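Participant: Sequence:
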Amino acid sequence: MKRALLLFLLIILSYSCKSKKGMVDMPPASVSEEADKSVTESSKTFEAAYLKIVDGHYAINKDFKTLQINGELEANVLPMSLNADIRIERGRQILITLKKLGITGARLLITPDRVSYYETVNNTYYDGDFEFLSTYLGTKLDYEKIENLLIGNALFNLKEKQLSFKVENKLYKLEDDKPNFEMIYLLNGLMQLKQMNISQKNSTNKLVIDYSGYQKVDGIELPKDILIKAIQKGDNNFKVSYNKITVNPALSFPYRIPENYKSIQFN
254 MKRALLLFLL IILSYSCKSK KGMVDMPPAS VSEEADKSVT ESSKTFEAAY
304 LKIVDGHYAI NKDFKTLQIN GELEANVLPM SLNADIRIER GRQILITLKK
354 LGITGARLLI TPDRVSYYET VNNTYYDGDF EFLSTYLGTK LDYEKIENLL
404 IGNALFNLKE KQLSFKVENK LYKLEDDKPN FEMIYLLNGL MQLKQMNISQ
454 KNSTNKLVID YSGYQKVDGI ELPKDILIKA IQKGDNNFKV SYNKITVNPA
504 LSFPYRIPEN YKSIQFN
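For the sequence shown, the working numbering begins at 254 and goes up steadily by one.
No wet-lab data here; the hints were simulated from the structure. Incorrect hints may have been included.
Said to hold, decoys possible - Simulated restraints, written as ranges between beta carbons of each label pair: (1) PRO332 with ILE517: 18 to 26 Å; (2) ASN410 with ALA301: 16 to 24 Å; (3) PHE506 with ILE306: 30 to 38 Å.
As the list claims (entries may be wrong) - In silico lysine-lysine, PhoX-like type, Cα no more than 25 Å apart, as pairs: (4) LYS454 with LYS477; (5) LYS431 with LYS459; (6) LYS477 with LYS352; (7) LYS515 with LYS447; (8) LYS423 with LYS469.
Predicted model, so just to flag it, every value in this text is computed and none were measured. Every residue gets a Cβ at the ideal spot worked out from N, C-alpha and C, and that includes glycine.
Put together the whole structure using the sequences plus the hints.
Facilitator: Put into structure tokens, the structure is as follows:
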């Protein structure tokens, strides 16, 4: 259970890092006034098309204060599936509880400045900030990206940086070439996120997150399930199915590390 929960957390977070504002480099303008005008018009057309895609993605209604998701977690590192209770208070906290036959096996609490979890098989826990994950994975992490992943939003704010894009296999393909990794978003004609593909440079490490479909609950559009495949010295595959979603319920976020549990450290 401990290994499964930690792998799930690491895979969710493994390639998240801080984005930098800025626009993509456009082709240099010609010394010719006509060529300069042509480049300007082409740039404006490209920008307008890109903004239409991005605006369409963010126009999908995900306006909620709280969510409760009852689902199921399957993984190739688990002998059986687990029940997952995912509670989200927008922008403030995420509580994930994994159970089998009604018995809690592990619980994970994520806030903007804290990562904490405990598991009941080996009676161990971790409680601290994101630094251990950042050190372990060599990249900066934050709460917002985890929340985005769970609700089917692009990890990074697509309005902060204009990406290159093209239409491929009837999907919009947005590519973001960063210093340490390349990120690809695939959006369908409804501007729903279908896949995020993240590849580390100078490494075989790769993360693929697939959204096979979406469901609408009380006007809010959320994933049906999330398939996560991480290639990092072997494949780790997770599938999180959203079986029941409740929008804006009154939620509690019960979390207390049991007494006499042993603290674990990550070097």
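Participant: It remains to establish, for every hint, whether it holds in the given structure.
Facilitator: Tested hints:
1. At about 23 Å, the beta-carbon gap between PRO332 and ILE517 stays in the expected band of 18 to 26 Å.
2. A hinted range of 16 to 24 Å holds for the C-beta pair ASN410 and ALA301, which are about 19 Å apart.
3. For PHE506 paired with ILE306, a C-beta distance near 35 Å keeps the hint of 30 to 38 Å intact.
4. Taken as a hint, the LYS454 and LYS477 pair is broken in the structure, with Cα atoms around 31 Å apart against an allowance of 25 Å.
5. The straight-line distance between the Cα atoms of LYS431 and LYS459 is roughly 14 Å, inside the 25 Å bound, and the hint therefore holds.
6. For the hint pairing LYS477 with LYS352, the CA-to-CA distance comes to about 20 Å; that is within 25 Å, so the pair holds.
7. Simply put, LYS515 and LYS447 have alpha-carbon atoms about 40 Å apart, too far for the 25 Å limit, and the pair is violated.
8. Of the supplied pair hints, the one linking LYS423 and LYS469 holds, its CA atoms being roughly 23 Å apart against a limit of 25 Å.
Against the hints set out earlier in the document, violations occur for numbers 4, 7.
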